[in-house]
Amino acid sequence: MKKSYREALHDAHAEALRDDPRVFLVGEDVGRYGGAYAVSKGLLELFGPERIMDAPLSESGFTGLGVGAALGGLRPIVEIMTVNFSLLALDQIVNGAATIRYMSGGAFSVPLVVRMATGGGRQLAAQHSHSLEGWYAHVPGLRVVAPATVADARGMLATALADPDPVIIFEHVGLFAVTDELPELPQAVDIDRAAVRRAGSDVSLITFGGSLPKTLEAAEALAAEGIDAEVLDLRTLRPLDVEAILATVTKTHRVVIVDEMWRTGSFAGEIAALLAERAFFELDAPIRRVCSEEVPMPYARHLEQAALPAVAGIVSAAREVVGDHE
Amino acid sequence: MKKSYREALHDAHAEALRDDPRVFLVGEDVGRYGGAYAVSKGLLELFGPERIMDAPLSESGFTGLGVGAALGGLRPIVEIMTVNFSLLALDQIVNGAATIRYMSGGAFSVPLVVRMATGGGRQLAAQHSHSLEGWYAHVPGLRVVAPATVADARGMLATALADPDPVIIFEHVGLFAVTDELPELPQAVDIDRAAVRRAGSDVSLITFGGSLPKTLEAAEALAAEGIDAEVLDLRTLRPLDVEAILATVTKTHRVVIVDEMWRTGSFAGEIAALLAERAFFELDAPIRRVCSEEVPMPYARHLEQAALPAVAGIVSAAREVVGDHE
Amino acid sequence: MNELPDKAGCLALYRDMLRIRRFEERCGELYKEQKIRGFLHLYIGEEAIATAVVMHLDQRDAVVATYREHGHALVRGLPMRSVMAEMFGKVDGCSRGRGGSMHLFSAAHQFYGGHAIVGGGLPVAAGLALARRRVGEGGLAACFFGEGAAAEGEFHEALNLAELWHLPVLFICENNRYAMGTALERSQSEPDIHAKAASYRIASEWVDGMDVVAVAEAAERAVAAVRGSGDPFFLECRTYRFRAHSMFDPELYRPKEEVEEWRRKGPLVTFQRRLEEAGLLNEDELEALEREVAREIEDAVAFAEQSPFEDVADLARDVYTPRTAT
Amino acid sequence: MNELPDKAGCLALYRDMLRIRRFEERCGELYKEQKIRGFLHLYIGEEAIATAVVMHLDQRDAVVATYREHGHALVRGLPMRSVMAEMFGKVDGCSRGRGGSMHLFSAAHQFYGGHAIVGGGLPVAAGLALARRRVGEGGLAACFFGEGAAAEGEFHEALNLAELWHLPVLFICENNRYAMGTALERSQSEPDIHAKAASYRIASEWVDGMDVVAVAEAAERAVAAVRGSGDPFFLECRTYRFRAHSMFDPELYRPKEEVEEWRRKGPLVTFQRRLEEAGLLNEDELEALEREVAREIEDAVAFAEQSPFEDVADLARDVYTPRTAT
Ligand SMILES: Cc1ncc(C[n+]2csc(CCOP(=O)(O)OP(=O)(O)O)c2C)c(N)n1
Ligand SMILES: Cc1ncc(C[n+]2csc(CCOP(=O)(O)OP(=O)(O)O)c2C)c(N)n1
Ligand SMILES: [Mg+2]
Ligand SMILES: [Mg+2]
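For the protein sequence lines, the chains are A, B, C and D, in the order given. Just so you know, we're using this note's numbering here: the first sequence kicks off at 13 and counts up by one. Just so you know, we're using this note's numbering here: the second sequence kicks off at 13 and counts up by one. Just so you know, we're using this note's numbering here: the third sequence kicks off at 8 and counts up by one. Just so you know, we're using this note's numbering here: the fourth sequence kicks off at 8 and counts up by one.
Chain A on its own, in the form it takes in the complex (with noise of 0.2 Å):
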């Protein structure tokens, strides 16, 4: 059955609110509306706005409102429409949903999940556009998914919702209207595990959420020059998946990272940090991190493709570290 993504994640909604009374969705236009992106359309139809409720623009209160359900025995799904809104609620997530396990010597876990829209890339300009996946992925007691596939977007949410502890779903905006096949029974998602979703030998592009597309398509105009790439996704980015990050760079002892977060600072540093640590000598060139430009999203087309990672850019990454010999 072919489905969207966008799909996926609204039949993924759709039945985590039918199998658990406990479930409800919140956030900002997820009733009438249909959801920002359309994911909960049809489901305050369903559901009744117990369910599905549409709060006011108060993501610090309704995020915290999460918390505190989550806390009451609830299982609340947050839908913070963008990451870009989400500082606004940055406390409740890193202060409250993060911390309050440890720092009541686990009196309460907070089994809160938080779901929002990520990326640049539709002219949206600079507060509009923002990837922040690698500050989520810094905090103790937060798990944190970026559903790349239209399969993982049908199966993370339950698996999400199964988790103890909070989890962020990052979804990023380019992918909402990808479609995919999906078996007409929805599979269980281990969110713990990277996928690799090209196998490859010469160099490994290592990357998550929406630069998965490019990143495949960048495989693809390799392998037309014969270089043989291994496309990593990390799907989990908190925690991480070290053992298949170390099992790639193994294979083909060369790295490049894909990561739409700004370059200084992005998840793609981290990758490479580890690595620097951990593969040190299994590595035979230089890293090489393909992010968005350091500048603020501009709103001009050609500016903001300019900015952000593209598979030119990959590809020719790529090149050079098959190209660079110790």
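Heads up, some of the hints might be wrong.
Quick list of in silico lysine to aspartate or glutamate cross-link-like pairs, DMTMM-like style, CA-CA up to 20 Å [unchecked claim]:
#1 B/LYS14 / B/GLU27
#2 B/LYS53 / D/GLU258
#3 C/LYS42 / C/ASP318
#4 B/LYS263 / B/GLU294
#5 B/LYS53 / D/GLU284
#6 A/LYS53 / C/ASP256
#7 A/LYS53 / C/ASP318
#8 C/LYS14 / C/GLU227
#9 D/LYS42 / D/ASP306
#10 B/LYS15 / B/GLU193
#11 D/LYS272 / D/ASP215
#12 D/LYS272 / D/ASP291
Bear in mind the hints are in silico, worked out from the structure with no lab data behind them.
For this one, chain A is given, so just place chains B, C and D with the ligands on it according to the hints.
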């Protein structure tokens, strides 16, 4: 003249307020209370309530007000009591201060200075011990500095105020009581350059802010073992002095990075990534990061000490990288 | 019923509103032609507010608006050419094509955006007002925002600061009854917005935002109050958005009849009828106005069309202010 | 003047307050002995509030408090031993020594902290109340906070959500007139805190927080109102903090005479006088009470002393919930 870091900051404020009528200080308890860390003690009496403004608990409000005041021609110094509370003001910094010049096509600059205390080590537990310098250093449009010495505490404020763009100053809570000799006449501080705090040839210890004293202590301990460590204080986290980083590594070929952020997504990771990209062939051993353990900061002293970077940890990491030969 | 201004005054009001209306209708078409991209939020139905408020401001004043700010920019005097070129993402745009529809800026017009984080403009306006007050020439900051912003914490923080610190801010709430798809009654426990100002001791008034003369009178009083007292004033204008929230909005949340009903109360249609009845506007004059406006718009489109895109080599320009400017 | 409860009731009130007072006095000493570290915020002077509010809560209810929460924890029934051990950073502490003074938690007592981000507890309480409402047993969430929190955006967001969504939250503002060194009048344009609730249509009342009987009566009404209506209620208790904000506060911001004046109005001294005058408390009874309380405190100290520190090997325990718990 012997001065504490706290006094140096105080003097820098007094000087700036005296020299430029556009300068004012706004923040919680900067006036009548004297500043949470006593930096601004006595300034209200000297400069009056129009220049030293006690703000209500409204981090987003008064930081945004600082952005507006800077746009309007003033030179605000916004004191956010600690980095922990800066999460509440992050939107104004990231989507406001950092972006306005770019997204206005250069129409407006935001000459704003934001200061905040940072770091752990005082048994203040999980909500009061964050180190998030790397998050700010991720954001184009900001300049981020971390004075680690009394001289830098004295000099960086003036340089920051002279900057036409927003500057974030991190003052580590462990430094306020540190004292050092200061020349009678204040010295201009070039905040664009990192500083070699100890020259050495066997290994580079790269750090900043509150971790500098520990790192210097570790270097002394290493010297006693016959390992000659160079200590590089980054001073400015954005933009990075890449030249200085490459220079020390080109000299020693071995690197330990010390940073109080949690390891995953630490700023140390950025430095490591940079080296894996740009100094790969200079490195003779895996890079080591000495960071905080990945736990919300515990209150109990023995646990907190175990969670924070420590001299012993730096020493053993340095030993390791010096021992590791290809 | 209020009294009409003299003929010239009436025609000016009508012309300013018509200019916004036709400009935006054209923008809607250009969006479908993909000349304009990203988000486009039309002000159609609300033109009376910007028109009748901004006319009372002068060069001492600062204007802060939201992503729905074409009208404000036009009446503030930004050349239509530079606004249209901005929406085209061209280098002659008022923000060099970096901002787009949501981020119009102009130093010459003291037009401070174009903020797309709901509520984010309010503290900035408070800061601009502080700077105005220090200059002491009676200038104020006029801050426009939607009723949706009233749920955000920053609304509350900014109102408190403005009154507490006696800042000359004119808050103008454009209450169009919806925040995206969320009706006012579903986002506010107290839906009477102007009453909220009282809880901060801010003088406030509400006015029929469809009646341009009523808004003009209220705004005149409000501006005089701010200039006279130096304190803030809160003006709520009750209005309605005729079009979708943005070009992505399927408008599932309100019946077509409701929109139709409001259209009949629209600021242009009602004012035109009134002028005709008072013998102040005849068909020839109307046609002449339409022609004049159409000519200006087509000139702006032609200008935007021929304006070049910024050179990609300048991508990083204006992330920081050139140092020589210090 | 209100009527006294019967003798047993009076003695219980007096005893509960005395227990908090003596406990905290002892904590102050232990801080000087460096047995307790980090931040220590004493509730001395405000004991009537926790005492007289919490007595009306039962096992269905959740309690959310701030960093000044020893009193609330004690009257809620957390064993004094576990509270004292927590302050010592010991493994038998109610938060295993991870939280310290600011972060007391207990699942058995539905005591949800111990939040040290001002204002951060309010949305969490709203969420707990939502969960209570869903369970449908009449439980509520009682949320304590200082008047300083009323300036934070989250205060506003939480009040709006609570009323809008009919959440059974009892908001208790402990208005002790200062937020650290900032007097209420300098932080609020409208210093009448309980009046703010009205602007959200929340029923509210203020009461003399120094009169334990008055608070008990008001709290009884308030709890009944919340249980009866399912809607929030806002109770402002006007009180005063006799001690410094924390152990670091030099108290520059208020005259000693002001403190002295308030001490004379203190909840213990006035209630004791009243009981003596009413013949409900004699010297022997008083002495017996003091002895009983002293014994409990010394027992708690001894317990805390002998309790072990947590094994450092367990540092990372409880960052996440053990998966088997799912
Ligand atoms: C903090 C924040 N949250 C969410 C959004 C997404 N968003 C953009 S406009 C809007 C509705 C705003 O409504 P209102 O303030 O009434 O202004 P209007 O669009 O009606 O003019 C929303 C939810 C945003 N831009 N900023
Ligand atoms: C968001 C935030 N900003 C600043 C602080 C630092 N701080 C801790 S307590 C406090 C004063 C709070 O006053 P109030 O709410 O009246 O409570 P009180 O201490 O008087 O009980 C401040 C400013 C904080 N903990 N959280
Ligand atoms: Mg609206
Ligand atoms: Mg207080």
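Does the alpha-carbon distance linking B/LYS15 and B/GLU193 stay inside the 20 Å limit?
-> 6 Å, holds
A/LYS53 paired with C/ASP318 [C-alpha distance capped at 20 Å] = Judged against 20 Å, a Cα distance of about 41 Å means the pair is violated.
Do the alpha carbons of C/LYS42 and C/ASP318 lie within 20 Å of each other, as the hint requires?
-> 18 Å, holds
Would the pair C/LYS14 and C/GLU227 pass a check requiring their Cα atoms to be no farther apart than 20 Å?
-> Status holds; Cα separation ~19 Å.
Given the proposed pairing of B/LYS263 with B/GLU294, does the C-alpha separation stay at or below 20 Å?
-> 9 Å, holds
Regarding the pair D/LYS42 and D/ASP306, is the alpha-carbon distance no greater than 20 Å?
-> 15 Å, holds
20 Å Cα cutoff - pair B/LYS53, D/GLU258 | 12 Å, holds
20 Å Cα cutoff - pair D/LYS272, D/ASP215 = Satisfied, since the Cα-Cα distance of roughly 10 Å is no more than 20 Å.
Given pair status - B/GLU27, B/LYS14, alpha carbons within 20 Å | 18 Å, holds
Is D/LYS272 close enough to D/ASP291, meaning Cα to Cα at most 20 Å?
-> 24 Å, violated
Would you mind confirming whether the straight-line C-alpha gap from A/LYS53 to C/ASP256 stays at or under 20 Å?
-> Holds, at about 12 Å.
CA of B/LYS53 to CA of D/GLU284, is that 20 Å or under?
-> Since the Cα atoms of B/LYS53 and D/GLU284 sit roughly 47 Å apart, the hinted pair is violated (cutoff 20 Å).
Hint compliance for this structure: hints 5, 7 and 12 are not met, and every other hint is.
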